[in-house]
Amino acid sequence: NAGVTQTPKFRILKIGQSMTLQCTQDMNHNYMYWYRQDPGMGLKLIYYSVGAGITDKGEVPNGYNVSRSTTEDFPLRLELAAPSQTSVYFCASSSPGTSHGSNQPQHFGDGTRLSIL
Amino acid sequence: GDSVTQMEGPVTLSEEAFLTINCTYTATGYPSLFWYVQYPGEGLQLLLKATKADDKGSNKGFEATYRKETTSFHLEKGSVQVSDSAVYFCALSGWGKLQFGAGTQVVVTP
Numbered sequence: 011n012a013g014v015t016q017t018p019k020f021r022i023l024k025i026g027q028s029m030t031l032q033c034t035q036d037m038n039h040n041y042m043y044w045y046r047q048d049p050g051m052g053l054k055l056i057y058y059s060v061g062a063g064i065t066d067k068g069e070v071p072n073g074y075n076v077s078r079s080t081t082e083d084f085p086l087r088l089e090l091a092a093p094s095q096t097s098v099y100f101c102a103s104s105s106p107g108t109s110h111g112s113n114q115p116q117h118f119g120d121g122t123r124l125s126i127l
Numbered sequence: 003g004d005s006v007t008q009m010e011g012p013v014t015l016s017e018e019a020f021l022t023i024n025c026t027y028t029a030t031g032y033p034s035l036f037w038y039v040q041y042p043g044e045g046l047q048l049l050l051k052a053t054k055a056d057d058k059g060s061n062k063g064f065e066a067t068y069r070k071e072t073t074s075f076h077l078e079k080g081s082v083q084v085s086d087s088a089v090y091f092c093a094l095s096g097w098g099k100l101q102f103g104a105g106t107q108v109v110v111t112p
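Going down the list, the sequences are from chains X and H.
Position 2 of the first sequence, counting from 1, maps to 12 under this note's numbering, and the rest follow consecutively.
Position 33 of the second sequence, counting from 1, maps to 35 under this note's numbering, and the rest follow consecutively.
For reference, chain H alone in the conformation it holds in the complex (with noise of 0.2 Å):
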């Protein structure tokens, strides 16, 4: 069946740090994918989203791109703050419903 890997966390960072959360997937046929971030005590709000192979998702100055070939959805951030420290969660999303990888949680300090 459809799964998501991602790396494990905690991943901590200082401030103005190149962040990169690895997101791989396993699908049958052509899935959309998604990152979702997650702040403390909050559900879940969509970050990024890219629907089919060299779709580039942006947004918040984070980016990543629909890898097929890797069967691959790696988030970057060229510099993160304080107020990215949150969990985030790699997606994918096949027939309507969404499958999640584990999150990966992001601490960054000042």
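Isolated chain X (complex conformation) (with noise of 0.2 Å):
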């Protein structure tokens, strides 16, 4: 019973490299999320996705892409990376509900410790 299972678990990268986050879930979730999570910050969301196929912007997508070709993976892409994308990154899914998943909790990954220098 994996859950949300996100690799990564640490990371350090150069200013400027490139990499991808990667993010699969077993339990048939619609609906996808990366947060990331900086100190005495809460998270903030920075893509999501409906289903397969379908992603959308955050709060804060600067310097990000996600692609979700599969029910089950949703990775997410930082291009160039900046000292201000050093953070941890939460990957998240939930079932659609009612009220257009509304009512519906988040199941969390254990996170990905990123930073860049």
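Hints were generated in silico from the structure; no laboratory data involved.
Quick caveat, the model's predicted, so the values are computed rather than measured.
One or more of the hints may lead you astray.
Where chain X lies over chain H, by a calculated footprint (3+ residues, C-beta under 8 Å) [stated by the list, open to error]:
{"id": "1", "segment": "16-26"}
{"id": "2", "segment": "46-56"}
The calculated label-pair distances, taken between Cβ atoms and stated as ranges, are [said to hold, decoys possible]:
{"id": "3", "chain 1": "H", "residue 1": "Asn61", "chain 2": "X", "residue 2": "Gly50", "range": "23 to 29 Å"}
{"id": "4", "chain 1": "H", "residue 1": "Arg69", "chain 2": "X", "residue 2": "Met51", "range": "35 to 41 Å"}
{"id": "5", "chain 1": "X", "residue 1": "Met37", "chain 2": "H", "residue 2": "Ser85", "range": "25 to 31 Å"}
Quick list of in silico lysine to aspartate or glutamate cross-link-like pairs, EDC-like style, CA-CA up to 16 Å [claimed, not checked]:
{"id": "6", "chain 1": "H", "residue 1": "Lys79", "chain 2": "H", "residue 2": "Glu17"}
{"id": "7", "chain 1": "X", "residue 1": "Lys54", "chain 2": "H", "residue 2": "Glu18"}
{"id": "8", "chain 1": "X", "residue 1": "Lys24", "chain 2": "X", "residue 2": "Glu89"}
{"id": "9", "chain 1": "H", "residue 1": "Lys58", "chain 2": "H", "residue 2": "Glu44"}
{"id": "10", "chain 1": "X", "residue 1": "Lys19", "chain 2": "H", "residue 2": "Asp4"}
{"id": "11", "chain 1": "H", "residue 1": "Lys79", "chain 2": "H", "residue 2": "Glu18"}
Ideal Cβ placement from N, Cα and C applies to all residues, glycine included.
Make one complex out of these two single chains by using the hints.
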């Protein structure tokens, strides 16, 4: 019963490098999300997806890209890493539920701690 | 837009003390409300939820009541344990997206 799995758990990048943070879920959830967590700031939504082939921007999308080719996978891409992207990244998923998914809890992965130097 | 405000931490308590974490929200419509807990080095876990006014969510001795008249969803526990040390996040959900508060760190000492 894996739930939401994120890889890698830790990564150090140099400025200007690119990388992809992987996220996969085995709960057949339609909705998937990427957040970043900065100290004392709570979680900010980067991108989300309501189903395969559909993605949309969240609160802080600049510098990131996503794709959703399957229900299970929702990778997050950093093209040109910048120090401001040093953060902990969380992927989450949920089922649609009723009222556009508003009453369904999100299930979180354990996070990827990313440092950009 | 929608927003969540929760009390700043850290909150330091002795074991068996009473815990309250205040949470108020601003939202259009009728959001669902959640409390999530984050233990060190882990992702967030759902602690409890309430989907309409006057609903009470409860889990593991924690409770919170959805108060529409005061736009609040305060978290309470009558007797905390060391194992309750964590960061607690209040959140509201509308249209499938969550809006989180900044989180409140709780430290319980023996």
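Each hint, compared with the structure:
Evaluation of the coverage hint for the segment 16-26 of chain H: breached, as 0 residues show C-beta separations to chain X shorter than 8 Å, against a requirement of three. Residues of the segment 46-56 of chain H with a Cβ under 8 Å from some Cβ of chain X number 5, which satisfies the need for three, so the listed coverage holds. For the hinted restraint 23 to 29 Å between Asn61 of chain H and Gly50 of chain X, the CB-CB distance of approximately 26 Å keeps it satisfied. Range check, Arg69 of chain H to Met51 of chain X: about 26 Å between beta-carbon atoms, so the 35 to 41 Å window is missed.
In this structure the hint that Met37 of chain X and Ser85 of chain H lie 25 to 31 Å apart at CB holds, the actual value being about 27 Å. Taken as a hint, the Lys79 of chain H and Glu17 of chain H pair is honoured in the structure, with Cα atoms around 12 Å apart against an allowance of 16 Å. With a C-alpha separation of about 33 Å, the suggested pair Lys54 of chain X and Glu18 of chain H falls outside the 16 Å cut-off, and the hint is violated. Distance restraint check for Lys24 of chain X and Glu89 of chain X: the Cα-Cα separation of roughly 12 Å lies within the 16 Å cut-off, and the hinted pair is therefore satisfied.
As the CA atoms of Lys58 of chain H and Glu44 of chain H are separated by approximately 26 Å, the hinted pair breaks the 16 Å bound. With a CA separation close to 31 Å, the supplied pair Lys19 of chain X and Asp4 of chain H exceeds the 16 Å bound. Note on Lys79 of chain H and Glu18 of chain H: the hinted pairing holds, with a Cα-Cα distance of about 9 Å set against a maximum of 16 Å.
Hint compliance for this structure: hints 1, 4, 7, 9, 10 are not met, and every other hint is.
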